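Trainee: Build the complex from these two chains, which are given one at a time in their own frames, with help from the hints.
Listed below, chain by chain, are the residues.
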Amino acid sequence: MSLEQLLAHQQVWRGFKTQNLPKKSSGYPELDELLQGGFPAQGVTALHTQPAVGELRLLMPQLQQQQRLWILINPPALPNAEFFAQHGIGNHQLLVLRPNSAKETLWATEQCLLSGSSHVLLWQQGMNVAQLKRLQLACQHGDSRLFAFYPPHDSQFSLPFDLQLELQAHPQGLQVTVLKRRGGWPGQSRLIHFARHWPELTQQQASQVIPFPQEKVG
Amino acid sequence: MFWLYLYFPRLQLDSMIMPANNSDAQSGTEESAQQALEAVVDPHSHQLVQLSDTAIKEGLQVGMGLASAAALVEKLQVYAYQSQLEQDALEHLAEQLYSLNGDISLDPPKGLGLRLDTMGQLYQDLDNYWQQLQTQLAPLPLRYHFASATTLLAAKLLARAKTDQLLTHEQSAQRLQALPLACCDFPDKQLSHFERLGLQTVGELEALPRSELIERLDPASQVYLAQLQGKLPLNLPGYQAPEQFQRHCELSYEIKQSPQLLKILEPLLKQLEQHLRQRQLGAPRMQLSLIFREQPEQTLQIHAPAGQNSAAQWLKLFALRLERHPLAAPVYRLSLSLCHAQTLAGDKADLFNQQHAAIPASTLVAQLRTRLGDASLTGIDRFDDLRPERASVPHPGDLAPASALIAEQVLRPSLLLPSPQPLKHPITLQQGPERLVAGWWDQQPIERDYFIALSGDGQYLWVFRTPQQQWFVHGYFS
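In order, the protein sequences belong to chains A and B. The numbering used here puts the first residue of the first sequence at 1, with every later residue one more than the last. The numbering used here puts the first residue of the second sequence at 1, with every later residue one more than the last.
Excised from the complex, chain B in its bound form (with noise of 0.2 Å):
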């Protein structure tokens, strides 16, 4: 076996959404220029765990307390450490990994390991691998580590000792030998009890005798070093592609703008561009939820119903929805979900005429019930019913199902009202009576005699009398 282990020192800073990383959100002004120090504390111990260069570079360092960094800085800017959005990060990068290498394990909170000796024939070799590794990387704000190795473990040590080189299985192992004990993660007490045995390093650890070993270390450190060694595997469950799209987005400014919104949402669907792309999938629907300070949660709902995978359609979709409704409070979290997937319905364009077919029906139907809002739209349904107003039924919210076309030639008005309004001028009647009598299977009958009328104007009209004598017009024959 062969891994690579990926080890992220500052994941949670690094996949927060910092102002700097937003360019147009600051941009100009002396605060981008003068950046924000940043710190991750770990809410128990109030000890700083994650820090950003500048915060670094005042004179911090990971282990201090609260109190003496704010002591050291003037303007240190604070989160809790939250181990979930960790593993969140982890998962997301996982996922992207994933089309370069079928074999993942999370190691939760901070490190990936990456099966290198199933992939081999994938690559033609290892720096091949590298490279397409490191153009995926390469655009993420992620600062890691890394080193390869026999075992997951091994990697992981070495990753985390800042190896940052690739080594053949004998380099490993001489880097394993020579890597202080420290470095492991055994119990402090076994720590111990190794330095008062004069014991430095893992080669010297390996080096003694078995019946000694097992005198001197507890069964679960026992247990580690056979892992350590390969002799035990390690048992880390192996990453699955999730089926469902979430992705949560922690935002360390507030967010007052769509624009800037829009900016944030951007990688997003890019991301789920690439999740359904993979898939051959659309997706109808995608909701997203902000979270504002004050206010409660807002999720909206936005529709394609035709299933898109199009990162810029979507981006143009949640554009429009913004621009109707503006964001009401300053957002500081936002999640973005995808509802379900669906197969994707082939656009049918024509090959000889692009231009015109710029944008396909589907495309622009959501784009107007994105903006116009879902009670402006209506399609129109037919069924087939001799009742009027059961054959033509407004269909709210989008294009109707196509149903078959008519052959038969009974002349019946363009425009139908939607709901028969009593008949105030003179008329004169041209044609009928037409006598329908409908609908008394299923409690809604009608029994009406329908004519057609021709007004003063000249205006033909499709009225209609009841048995109790009463006129009504039902439609225009445009």
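Looking at chain A on its own, in the form it has when it is part of the complex (with noise of 0.2 Å):
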């Protein structure tokens, strides 16, 4: 078999192409530089974090860009539209959906990144590899994006997810770290500054006071 055919075939793995997958800027210009690019344009996103950090805040430059719904599948509680507000989101564009079982879940995840009219903001555990596809599918389909939240050091890391980041508090910001991405390494790890964006939200202050050298005290 000739080269060409193996490449006609998609049997054989070429780098430099997985460059080209479309990206959507983070917002972040460290994010960016880490991701390549920005976040996969559609796709799954998964997002290891522990609540209350800043994920959402990490994502609010790509929810700003989009002008369609964002849907909040078993969100921890219940999104604040004064905040939204803020961010260039209108609360016509939020909705929250609490399934009763994970089969419904997942099933109206789907019809949501099925429909070309919402993006999916995904609380829920518990996947596996052919539900995954088939998110990936819909993703395709509708040219829409999920972003799930797991929990820290969850059990999901085979999961062939378009991109896998875990976020670590920290004083300045967040520490990203990839763990799995298509078309490139894992293991990178950046520390995404919220001072600009967030002021209020990190302990900046802390580290400019120098503590008083104890050698020196009366």
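Treat the hints as calculated values from the structure; they're not laboratory data. Zero decoy hints are in this set.
Just some of the chain A residues that point at chain B, by a computed CB distance under 7 Å:
1. 53
2. 69
3. 78
4. 79
5. 90
6. 91
7. 92
8. 97
9. 169
Chain B residues, not near chain A, derived (Cβ > 12 Å throughout):
10. 83
11. 271
12. 302
This one's a predicted model, so the numbers in the text were calculated from it and none came from an experiment. All C-beta atoms, glycine included, are put in the ideal place defined by N, C-alpha and C.
Mentor: What follows is the structure, encoded as structure tokens:
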């Protein structure tokens, strides 16, 4: 079999091609650099994170770019319309779903992604490869994006997400580590500074204070 | 004047939904090959009034008593005659034909009069008109006879005599002359009087001198004859399209599975689509009543708040609903009604990106709501209020109407707990206090000092302290 045939059947993986996967800027220069251009323009992104460390704030520039519905499935609390309105997302673009079972959750997620009129933020554990593949196909069909939130150190590391990140709280912002990405190496880590966007939610002041040397005391 | 009359000899039987019409119901089994014999019986006289083809083949005749019919054939499916069913069927038919002919007279229980002379300008000739009418009628499972004549009454008599031709004025006059008097609706007494006089046909009656007619006919029959000849107008109310959409469906068998039910709903929803499209309306809510033999009636309400007029979309919504709530018992009658219609809000489709905007947001929300239930769906309302729980309020069941965006940047948490929870973990305060004292004007006052707090593992919380020094968590800076 010649090389052309292998390429035609997509049996040879060509690294440079994946550089051209469509990306959307994350709004944070450090993160764009880490992700080589930004978040995937469509597909499933998994975020392993503690709650309330800034995981939604990290995504806010992403959410602002889209004039679609944002459907939150099983969020830990209700979205605050005031916060979203400050960031250019109208309350009429927000919908919260709390399906009664895991099966219904997956069904609803798939429908939302297929429709092409919404993106999804999903808080749900337990998904297998076949279900993830289905959701990825739905993302392709509807040109939509799914951000799935998981607890840190969850056992889902073997799933073929388009992008899998781990977020860790840091006094200056968020430490983002790439666990898996399509067309690239995992393992890189960057600190995303929140000081510019959210000065009240960083501990900058503490680092600027120079502790008074003990020896010189009185 | 020129009229076309459509006469439906077995309207009730034809408009009932039979298992045979519903190919999925029993397809492949032996029972469908051996069709049931069906008959409609007058509940007062116990005579057969309408018969299916198979029943006629077995030798049954209209007018036969129920006892002799039962003696003749073994398996006879019998339904009681209900004039209301025929009235409903006539009205639905008139609604369907209304787009072709603006002047329709209902002649219950079995006929429709269509006035042709006023429609001449729309259709070049009668053949053209007739073709269009037939394409409307062909898909319906109705057996009919028709005739045209100068008066409605004459057309009716000719149609009942199974003329089945479009006649010109002269032809219809000739046919009417030759029509036996027994075919006319004279009272029995009058008919026997005609027989004694040796009068056989309408022509012979009309040939009598006027003075003699007055002498020999009772007043009611005189009026009838004058209406037949067109000398007196026949006052049948003209059909007016109803504002409400409502369909009742009488099933001749019981349905246990939702797919069968959907099959029956499909033509009804197509009629709904036609009804709504002609009026440029959308339906925000449909109601389906299912009537069971033993259990109380069940009503399903299905919502599509933005208004929907497509039959396919409604069918999908009904399918989703039945997937969630399967039929509780076999259904033998159902009615579908439109609660109210609203002007259709056009969904803005992206001209250049059509495959992506395949399903509009309103349709998606209606589908989710139907499948998951109202309680699983929440939009978020935003109001201008200082109290956080009144500024961002859950809007159950649907997307909330849009409020303006906010320019001022006051730091607020991205997620808000439905109600404040007592603080249980150690925290360090980062920012604050921000004192909110509001609501003294509507008896729901708050007095709180809000702080941004950091928990041990780096979580930013929105906490507040009440004047009683109690601490609560109200939101997360996720």
